[in-house]
Amino acid sequence: MRTYALRRILQTIPILFIISVLLFFMVRAAPGGPLTAARRNPNITEEQIQKLEAQLGLNRPLPVQYVEWVGKMLRGDMGQSIKFRRPVSEMIGERIPNTLLLVGISFVLTLLIALPVGILSARKPYSLFDYIATTITFMGQSLPVYWLGLGLILVFYVMLKNPINGNPLFPGGGMNTFGKEGDFLDTLWHLALPVTALSLGWAAWYSRFLRSSLLDVLHEDYVRTARAKGVIDRNVYYKHALRNAILPLVTLIALDLPTLFAGALFVETIFSWPGMGRLFWDAARGRDYPVLLGVVMITAVLIISANILADLAYGFLDPQVTYE
Amino acid sequence: MSELSKPAIKEQNMTLLVIRRFFKHRLAGIAIGALVLLILSAVLASLSQYSPTQQEPINSFKPATADHWFGTDELGRDIFTRILYGGRVSLAVGLLSSFSSVLIGVIVGALSGYFGGWLDSVLMRVTDAFLTFPTLFVLILLGAFLREQPIPWLKNSVLVVIVIIAILSWMWPARLVRSLFLVLREREFVSATRALGGSNTRIIMRHILPNCIGPIMVTGTLQMAYAIITESGLSYLGFGVQPPTPTWGSILSTAQVHVFKAPWLAFYPGLMIFITVMAINYIGDGLRDAFDPYVIHTGNQ
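Those protein sequence lines, which keep their order, are chains V and D.
Counting from 0, one number per residue, gives the positions in the first sequence under numbering that gives the first Met the number 0.
Counting from 0, one number per residue, gives the positions in the second sequence under numbering that gives the first Met the number 0.
Just chain V, with the same shape it has in the complex (with noise of 0.2 angstroms):
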């Protein structure tokens, strides 16, 4: 087990530098530049501009800059934001539990839905409840969660208002009301919309694949085992069948992670949500290359921690997985 862990962390040292290889000289090789806007600008030389090079280091080769950024970065420095002129370290470091906040709460409120729904239309296939659950999961597949935030805006902020001083039901974007910082029942108001945003959807992948993993595990001999002991059938399905159809899902939602922070992104940039994805969106407008790089590296390094966590998790949930 611990060879294991060890081997799939050594594994992900290749992964990590093939990544980094290749975002940093495709960034870096970009013409424009994060001077691009020093350079319109008539009131600034040349010289200074090559001074203001020379002084960001932009001016050496690409794999002098890149091996002096992998070395910093492994000491946790990640150099400065050039557009505000802090480090990224920093930067990202107060955004990271904002997204977790809103990625947490989303997938608790995720798994509410999707547990009791897919375990419901498994229980009854076919019936009427199955019926419209497969209807309505099936529309949220196919909702794009940026439309969805729209919508939830228009209807929520914009067109209903508080019955009792005529404010918005539900703020349109930001985390907090000006002057209640840190107030967090202030903070769960402003979670609302963009957690109904992400959950939906995900909890019609969830319900779905729960479903069908569910359906797939009542035809086990175990089940049919476990039936014909008299167990009542409450227990067969929580303690039998759902307890082996968990286990894709553990694995989808480890191979999801992607998807699942890029939802993050459309929602953070849509209600303003001070997370890293809006901070990623806000560099990517503005070139500002350090925190580019530093965002995506530590959103890799967290997709693939939690893969291994998935995979780990998954010994603890089947006995019959041993690593070798």
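Derived by calculation from the structure, the hints in this document are not laboratory data.
Positions of the beta carbon are idealized from the N, C-alpha and C atoms, including for glycine.
Among these hints, one or two may not hold up.
Take a look, some chain V residues computed to stay more than 12 angstroms from chain D by CB distance [claimed, not checked]:
(1) L51
(2) L111
(3) L168
(4) F169
(5) D220
(6) I231
(7) R284
(8) Y313
(9) G314
Rough simulated footprint, nothing fancy, chain V against chain D, three-plus residues with beta-carbon under 8 angstroms [claimed, not checked]:
(10) 119-132
(11) 222-236
Fit chain D to the given chain V structure using the hints.
Just chain D, lined up with the frame of chain V:
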């Protein structure tokens, strides 16, 4: 040869059988109709009396009227026409990038699954690496980067979007095809062909691949839905197909700015993405049923 030696069972054409089974899934049949309609409307977009870029500032922000079926945007452009032209981009990206990603996936998966050994290890490590890419982040980076290159054909942003979506989404078909090949290569008909002297190419192309066609087509629909949602999302964020080419995503993106003034602007492009993706998903569902000999037909499964 006498009449008696003919097989007693009526021979059935496999393709016809699949088509018949497909249309038993009513919603899939409707979905095919909807998709054909969408493709036709995109192809025939130029029949509209408006141009997608023609501006009429006097007529900006008009709600739906008899002249402008879906209303007009902030520059007085006809939304209906822009949606039709946007469909060209979305459907082209959907069809071409799903085709390319499935093609790459089939090649990688077939080589990996059939030959196994070191080739399999190498290809699967690469696949794993791609699967851990934060895809959308890389897409945004690539989108921003490629368009800045001083190479003319890279400026054709639709092509760029097709290629980068394909490059970042072939992994799922690859894993699927590999798993199919792992099972099928052990089957008797493969051993039989090999004993008869059939080459590897022949076994792969003539014997194993045709047996995978069902799952490959189903995964193709998933890829197409993914490609359309991703392209629209990229354009929505401003890193996909660039203006003035109208796309559903970019129409939605300008609509967001004017959501107070003209909420209908946001409604139509999103609805089109939704309908298209749902049609494709239902087609995938119908194909899954049609190719699976054990499925019970219920119309919606």
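task = Find the nearest Cβ of chain D to the Cβ of Y313(V) and say whether that gap is larger than 12 angstroms.
result = The claim holds: Y313(V) sits with its nearest Cβ about 15 angstroms from chain D, beyond 12 angstroms.
query = How about the stretch 222-236 of chain D: do at least three of its residues have a C-beta closer than 8 angstroms to a C-beta of chain V?
reply = Per the Cβ count (6), the hint holds.
message = If we take the beta carbon of G314(V), is the closest beta carbon in chain D still more than 12 angstroms away?
response = Non-interface label on G314(V) holds, nearest chain D Cβ at 18 angstroms vs cutoff 12 angstroms.
key: Minimum Cβ-Cβ distance from L111(V) to chain D exceeds 12 angstroms   = holds, 24 angstroms
request  = Please settle this one: D220(V) was flagged as non-interface, so is its CB more than 12 angstroms from every CB on chain D?
outcome  = It holds; D220(V) is separated from chain D by about 18 angstroms at its closest Cβ, greater than 12 angstroms.
inquiry  = Taking 8 angstroms as the Cβ threshold, is the statement that the stretch 119-132 of chain D is covered by chain V upheld or broken by the three-residue rule?
reply    = holds (count 6)
ask   = F169(V) clear of chain D by more than 12 angstroms, beta carbon to beta carbon?
value = It holds; F169(V) is separated from chain D by about 14 angstroms at its closest Cβ, greater than 12 angstroms.
query = Is the nearest CB of chain D more than 12 angstroms from the CB of I231(V)?
reply = holds, 27 angstroms
query = Once the closest CB in chain D is found, is it more than 12 angstroms from L51(V)?
reply = It holds; L51(V) is separated from chain D by about 20 angstroms at its closest Cβ, greater than 12 angstroms.
task = Could you let me know if the closest chain D CB is still more than 12 angstroms away from the CB of R284(V)?
result = Given a closest Cβ separation of 7 angstroms, the condition is violated.
inquiry  = A cut-off of 12 angstroms on Cβ-Cβ distance, and L168(V) was said to be off the interface with chain D. Does that hold?
reply    = Since the minimum Cβ distance to chain D is about 15 angstroms, L168(V) lies beyond 12 angstroms and the statement holds.
Hint 7 from the list above is the single one not met by this structure.
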